[in-house]
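Colleague: Quick mapping for you: the protein sequence lines, in order, are chains A and B.
Read in this note's numbering, the first sequence has 143 at position 143, and its numbers run on one by one without any break.
Each number in this note's numbering corresponds to the 1-based position in the second sequence with 1000 added.
Just so you know, the hints here were simulated from the structure itself, not pulled from any lab data.
Be aware that one or more of the hints could be misleading.
Taking beta-carbon pairs under 7 Å as the criterion, some of the chain A residues facing chain B (in silico) [what the hints assert, rightly or not]:
(1) S103
(2) I109
(3) N165
(4) V170
(5) C171
(6) Y187
(7) R195
(8) L196
(9) S200
(10) N213
EDC-like, lysine to aspartate or glutamate: derived pairs with alpha carbons at most 20 Å apart [what the hints assert, rightly or not]:
(11) A:K181 <-> A:E220
(12) A:K151 <-> B:E1030
(13) A:K136 <-> B:E1136
(14) B:K1036 <-> A:E159
(15) A:K274 <-> B:D1180
(16) A:K181 <-> B:D1180
(17) A:K177 <-> A:D255
(18) B:K1036 <-> A:D163
(19) A:K121 <-> A:D69
(20) B:K1042 <-> A:D163
(21) B:K1181 <-> A:E278
(22) B:K1266 <-> B:D1250
For every residue, glycine included, the Cβ atom is placed at its ideal position computed from N, Cα and C.
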Amino acid sequence: MAASKSQIEELYDFIYPLAVRAGEILLEGYQNAGKAVALKDGEFYNVVTAYDNQIEEFLVEKILARYPDHKFIGEEDTHKNDNVTKELTDAPTWIIDPIDGTSNFIKQIPHVSVSIGLSIKKQIVLGVVNNPAQNKLYTAKLGQGAFCNGKPIQVSSCEHLNDANVAYEVCLLHAPKIRNKHIKRIYHVGSNARRLLAYSAVVDSLCMVAAGNLDAFHIEDMYPWDCAAGYLLIREAGGVVTHPYGGPFDIMKPDLICAGTETLRAEIEHLIRKADQEKHVGGE
Amino acid sequence: MSYRIGEEKLEVYYQVSLELVRKCGPLFLEGFQKPKTDYEVKSAFYDLVTVYDKQIEATLTDGLLKTFPESKIIGEEAMANAKTPPELTDAPTWIIDPIDGTNNYVRKIPHCCISVGLAINKELVLGIVYNPSANELYSAWQGHGAYLNGQPIEVSNAKKINQALVCYEISLIVVSKGRDKNVKRLYKLASSATGTRSFGCAALTLCYIAAGRCDAYHVENLKPWDLAGGAVILREAGGRVYHTSGARFDVMKPDCVCTSSEELAKSVIQLIEGADQISGYTFK
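So that you can see chain B by itself, here it is in the shape it has in the complex (with noise of 0.2 Å):
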């Protein structure tokens, strides 16, 4: 069954899904401000948790829910313990991270956020990503352009890799699967571009693309939390999203390409394709 959204009842989800996240930046605020933020370790050493990320899962969850019955949550909290993969289904999806950025929540980098998509259809039709630590609330829906506080934010147009600056999750070199493949292609882009950034927040750095601050970024072996609210955003601010392979962006395994314009995502995908080709690495 498919779902026939129309253009009034998109407008609800937005209004009221914008009014729920604003809400939650106190709260967020917070556990931002405090002197010391208390976390727990997840899967891994370098994927944390607070109470906080918990608490405004829950808020957003329990709000949606209420006011819009029919639609299914896939939130990163509530994910943690699943044993299966989430499954994207034709309902109304609200794919939700509650703090992006979690490791720099803890440590007071103005670099975190809570971001929520909504997907219809299997396709992602709005995006609301709110960093209350630098008083920035990114918002859009489809067809209807991006704004920054109700500002229209647009890319750059930067076409070029020369002019372009690159953002890169760095962090990901230290998951020894597909360590040397983040070197190289680390190594290739930063050697091209005009300069490299690594935020440590990929929804984020979406929306410093949408808003011309950066150009390009590249992050594969993310979830589909980090980057559904960001990647409508940069849609709508009219940037490109991608598939590593210059195919179709799929929101639940998103490794992705995302720029300004069209020609600097061909060049981004160029640079990749030629530093999985480099051979020679003697770091083991």
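In isolation and in its complexed conformation, chain A is listed as follows (with noise of 0.2 Å):
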């Protein structure tokens, strides 16, 4: 059986609070590592890594000072771990990751957030997301709704990609083994969407679609702690959010496509497929 509904809610009584100091912290980051624009390649990597480690640390001391046999899942608790995610368990387990869009961080660009995802039995029962750039505080409950800064959300109604902003990861072009699938992707995606946005943010981007301000976000190649909160937030604003054949989403796998209507969802899985099966880009 799953969480029950007053465990749910002492558990969000608990966290709020913890998500909107985290969310002051990384503020303070935002605002101050934008100063140093000198900063050499490696420095700028100490100063994203030494936030993220004190945002992680912060909440997970706070967490098992309370609940001392709550699991975690992070992007610094798996670098700690040897890079190995653990696997997910029916225990309590906090999917967290601390600064979700770290080149943003760095450069003062608002697409910035704490993520924090609570998985109870396997199943995704909280998701509350801070992004103090743009002063949004999301937050959803299973069954109860998503709010941003307390007023309810909802996807968008569109239903066709001719209509639709859609956003797209395509920073992945960056890595060369996944570079040929994203741009065929990218090609008939975008030959359809009336906008295709990259914000190299996949947290803030899921809770762009549980607002409605995108209509739909495609996602492959990411993990766990960048989708587990975003993921209830749509379902829970009313959208979809699949695997990208389709199939259901698996949060230790998260490749994606969440649109605030099937409809829009299916166009864009339809247009998936067929790039997946064209040749692969010519030249080089």
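Two chains, two frames, some hints: make the complex.
Modeller: See below:
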């Protein structure tokens, strides 16, 4: 049986002020990091890592003090585990990304978030995302709707790609092994979408679909902590989230298409399947 | 005939236009914050306009002509029904986009702005770009540096493409003419850059480079009003604005490469030349 409503409520009341505080830490870094434009490449990484660690440690410490048997899955957590992501068990498990959009964080581009998802018996029951740069705190409890700053949010009703704002992680073109797959998909989706946008912020893009700012988002080759909270927000906002080929969404291998409507999602799935059948890009 | 404009007159142009743009802030926000902002589709399904575009342009045009009756206007909405392309003369000419990023504006995505540029003797000398949704007012006039909310801004020190955050209007893939060109260029640039973004607002993208948030931008097939204001701000912040070929930038045919530095501009231009040589694409 899934978590009880009162259990979810208790955990929500517990994590909410921590998400607020985590957002304050993130905002401090966001405002200060941008001043260090002259930092060398290695130093950028150090600045980001310091805040990433600070936020994750803050959250983990507070959670363990209250719930010593809870588990964690996160980017920094995985890094400390020799880059092996732990298995998801039935135990209450916090799936945390302390800073999503690290390259935006360093540049003061306002697509940056603390993302906190909670899984119980392998089901996501809580999603809290704080984007302090835009003063937006998104929250969702399983079965109880999605909110931004306390106000209900709802996905868009857009059903046709010609009318749709779609986000895509174009940065993935930087990775040679998956470059051809993504350029073909970008070609086919972009050829039909009213707007194709790229923010390099998976969490914020998911939230923007939940809030109806975007109509759809497709992402692959990312991690559980990028998608756990955003997934629940979209579902609770009335949207659909599936595997890119239409099957069930799997948080531990979170390749997805999400959209305000099933009709729009299906159209994107069709184009992705078509792209994947195409020959490789020529040249080079 | 050539207009001789002194420094004092230029400062008057700056102060008056700055105040007019600032006064449009509340009207801009009224439309941005509305739960649902109505829009019309212009020449193509991806080209939108709202009543706010028209009202803001009318406010700016009336105010500027009242104070500077000798000047001319090239505005997006005034040009919307024009049968011939706008012509730039030596007269002081205000080049206005009342809302750059209208698609973002109607969806409450905070990358949209009022953009005003001034050309005299066909040279851009003044630029103001105001994003009330993020409380950011960028401004510059020739020889006096660039500012964000009154504070000086400067481009980043990125000189190599592998250090650069590149921006590209991926949405242009939707236009069948030029689609292959855009896909190849995106592929080449995103493969080489450290990150790629697509914000859907040209004027702001130029300002983000001016502020050191992003490092490079390439776009073609836009209009003078998309680039005029931002180009002055970027130059005054120490950045470079070229035609895509590496030739001198022409605001009336504003295909461009915009970067934080000379070295980076050369790299981007070389990558674009390389992209244009790619054959073997089979997308049709």
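Colleague: State for each hint whether it applies.
Modeller: So, going through the hints one by one against the coordinates:
1. S103: holds, 5 Å
2. I109: A:I109 check passes; min Cβ-Cβ to chain B is 5 Å, inside 7 Å.
3. N165: holds, 6 Å
4. V170: holds, 4 Å
5. C171: holds, 5 Å
6. Y187: Interface hint status for A:Y187: holds (5 Å vs cutoff 7 Å).
7. R195: Holds. Min distance 5 Å.
8. L196: holds, 4 Å
9. S200: holds, 6 Å
10. N213: This interface hint holds because 5 Å falls under the 7 Å limit.
11. A:K181 <-> A:E220: Distance ~10 Å between A:K181 and A:E220 Cα, so the pair holds.
12. A:K151 <-> B:E1030: holds, 19 Å
13. A:K136 <-> B:E1136: holds, 18 Å
14. B:K1036 <-> A:E159: holds, 17 Å
15. A:K274 <-> B:D1180: This hinted pair holds, its Cα atoms lying about 17 Å apart.
16. A:K181 <-> B:D1180: holds, 16 Å
17. A:K177 <-> A:D255: holds, 16 Å
18. B:K1036 <-> A:D163: Roughly 15 Å separates the two Cα atoms, so the pair holds.
19. A:K121 <-> A:D69: Between A:K121 and A:D69 the Cα gap is close to 14 Å, so the pair holds against 20 Å.
20. B:K1042 <-> A:D163: holds, 13 Å
21. B:K1181 <-> A:E278: With Cα atoms ~18 Å apart, B:K1181 and A:E278 stay inside 20 Å; holds.
22. B:K1266 <-> B:D1250: With a Cα-Cα distance of about 18 Å, the restraint between B:K1266 and B:D1250 holds, given a limit of 20 Å.
Consistency with the previously given hints is maintained throughout, with no hint failing.
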